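Based on the sequences and whatever the hints tell you, model everything.
Quick mapping for you: the protein sequence lines, in order, are chains A and B. Counting from 1, one number per residue, gives the positions in the first sequence under the working numbering. Counting from 1, one number per residue, gives the positions in the second sequence under the working numbering.
Treat the hints with care, as some may be off.
Here are the simulated BS3-like pairs of lysine-lysine, each with C-alpha atoms no more than 30 Å apart in a straight line [as the list claims (entries may be wrong)]:
#1 Lys49(B) x Lys227(A)
#2 Lys259(A) x Lys21(B)
#3 Lys132(A) x Lys21(B)
Because the hints were derived from the structure by calculation, they are not lab data. What you are looking at is a predicted structure, and each value in this text was computed from that prediction instead of being measured.
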Amino acid sequence: MKKQFLLFLRTLNARAYVRIFGQMREATWVVASVLGGFFTMATYIYLYRTLGTGSEFSGLVVLGGFMTPFFLNVLWGVATQLYWEKEMGNLELMLVSPAPLSAFLVGLSVGGAMHTMLRSLAVLFFGIAVFKVEFTVLHLPLALLVFLVTLFSMYGLGIVFSSLFLYHGRDAWRTADLVMEPTNVLSGSYFPARFLGVGLLGIAALIPTTLGLDALRQLLVPSFTAKVLDWRWESLILIGLGLVFAFIASWALRSVEYKARRDARLTLRWQ
Amino acid sequence: MKGFLASMYVGLQIESNWTKKWVWLLYLAAYPIGSFLAVIILYGVFGQKTGLLPYALYGTIFYYSLSMVFFDMAFSVHDDREHYQTLKYIFLSSTSYRTYLCGRAATRYLIALAGIAINLCWLVPVLHLPFHPNWAYLIAGAVLGYLVAAGLGLAMASVFLLTIKLDVDVVDALFGGMFVLSGALFPPTAFPAVFARIAELVPMSPFIELMRRAVSGQILTSFLSDLSTFQLLNRVALSAAVLFALGSVLVAFGSRKAQQKGYIDVTTAF
Numbered sequence: 001m002k003k004q005f006l007l008f009l010r011t012l013n014a015r016a017y018v019r020i021f022g023q024m025r026e027a028t029w030v031v032a033s034v035l036g037g038f039f040t041m042a043t044y045i046y047l048y049r050t051l052g053t054g055s056e057f058s059g060l061v062v063l064g065g066f067m068t069p070f071f072l073n074v075l076w077g078v079a080t081q082l083y084w085e086k087e088m089g090n091l092e093l094m095l096v097s098p099a100p101l102s103a104f105l106v107g108l109s110v111g112g113a114m115h116t117m118l119r120s121l122a123v124l125f126f127g128i129a130v131f132k133v134e135f136t137v138l139h140l141p142l143a144l145l146v147f148l149v150t151l152f153s154m155y156g157l158g159i160v161f162s163s164l165f166l167y168h169g170r171d172a173w174r175t176a177d178l179v180m181e182p183t184n185v186l187s188g189s190y191f192p193a194r195f196l197g198v199g200l201l202g203i204a205a206l207i208p209t210t211l212g213l214d215a216l217r218q219l220l221v222p223s224f225t226a227k228v229l230d231w232r233w234e235s236l237i238l239i240g241l242g243l244v245f246a247f248i249a250s251w252a253l254r255s256v257e258y259k260a261r262r263d264a265r266l267t268l269r270w271q
Numbered sequence: 001m002k003g004f005l006a007s008m009y010v011g012l013q014i015e016s017n018w019t020k021k022w023v024w025l026l027y028l029a030a031y032p033i034g035s036f037l038a039v040i041i042l043y044g045v046f047g048q049k050t051g052l053l054p055y056a057l058y059g060t061i062f063y064y065s066l067s068m069v070f071f072d073m074a075f076s077v078h079d080d081r082e083h084y085q086t087l088k089y090i091f092l093s094s095t096s097y098r099t100y101l102c103g104r105a106a107t108r109y110l111i112a113l114a115g116i117a118i119n120l121c122w123l124v125p126v127l128h129l130p131f132h133p134n135w136a137y138l139i140a141g142a143v144l145g146y147l148v149a150a151g152l153g154l155a156m157a158s159v160f161l162l163t164i165k166l167d168v169d170v171v172d173a174l175f176g177g178m179f180v181l182s183g184a185l186f187p188p189t190a191f192p193a194v195f196a197r198i199a200e201l202v203p204m205s206p207f208i209e210l211m212r213r214a215v216s217g218q219i220l221t222s223f224l225s226d227l228s229t230f231q232l233l234n235r236v237a238l239s240a241a242v243l244f245a246l247g248s249v250l251v252a253f254g255s256r257k258a259q260q261k262g263y264i265d266v267t268t269a270f
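Here it is as structure tokens:
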């Protein structure tokens, strides 16, 4: 048991290391992703200025810009990762090794969250500096806690999807590409999620970013009033979602891996 | 021409043969929704009184059509070299690499336009968008728009040919910057004066404005309103000629240099 646990930790550490330091080796990757996030943020801030909404919307957009790289990392860096490993021929090596696949995915998530943090903080910094956005730091420790709970839930969802994408081929990549923008919009990255209406909000609440962002806005933007629920309730829901996703992920990973082995899809490339 | 058509066919296969035909048709119709969903929500909730919804919606969907060409050209270098490892075979074939890129991107552009057309069928009546198409301007604009985007895409592809670690995030960042400045989503009058002036010079701006007028039959805002539709067409034609020529030169140079450096079949697995 102890040996298995140590193996889990070592695998986690090994995969997280590659994600954190590998992504730092090429400066253009960091610069481009920060610039991309900044431009998206700028687009929505100027749009709100055109629409004549209050200045508090700039704060909402900057927070959305801070969370968006995490969402993209979950989608492209975790959910589709096993598909990419399969395409590159690494998956078969991972599966014949004694390292558990779940440790690999948790390591990917931890490493992904850490390297994305740098980019997100840079986007946040430029957002605050360029657009003169003000946040309250009165509830900063609570905001950090809510942020960590949101990440736990988001990366849990990413691992659920990674097991599904393990079985699939190019359709997985296409699906991720198709859902990326609508999911990002529905999670209220650039506007308060409450404006989605009850029906859409019910669907959007299943995306952890939706409630996480809403809670963070309540804690950090003093003039924010368009909340969905109280941030305490939202945090509890996020913990619940995270646990459910973790349970589903653990079950799905085992059953999809078995199914993929049975149907000989683990080494099937370019399909 | 034969090579161009064959490349279009390859593009169609890459885009569509991952699933059943009916699923792909649904995908084709659903894919552009992501590009304008935010516009509908934001202008629907906060901007009803501004009357800018048609401006933003048409602007966004036509920008989306260009981004497909631009992104496809840049990404296909990486995709063919790293993922499918077929770039060396494309270089060995009798079709020039520029023709191949143009053919593949043309398919992507037509698919994007088909998706836009499908979505306009419900967007126009549901959102009461002005729709009085001038087909001559629309078709001429669509062809010239392709050349504008292809010119930029070829330039980007040449950069990707000469680098082996560059990520497609660079394309996203560049296109994100041009999206802000092009006035696709809102009139650039919201910018400080310098940026508003730059917005008029972004190659996409006249194309998007031309297509807005060609579809709606109206001048929707004061942005570029001092130019007649014919003058806009001329400006797009000039941009298309310059950018496509520049892109062609750069991709020819990039192809030659990449072969000399041994970058055609290199894989990094990053």
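Taking the hints in turn, this is what the structure says about them:
1. Lys49(B) x Lys227(A): holds, 24 Å
2. Lys259(A) x Lys21(B): holds, 25 Å
3. Lys132(A) x Lys21(B): violated, 50 Å
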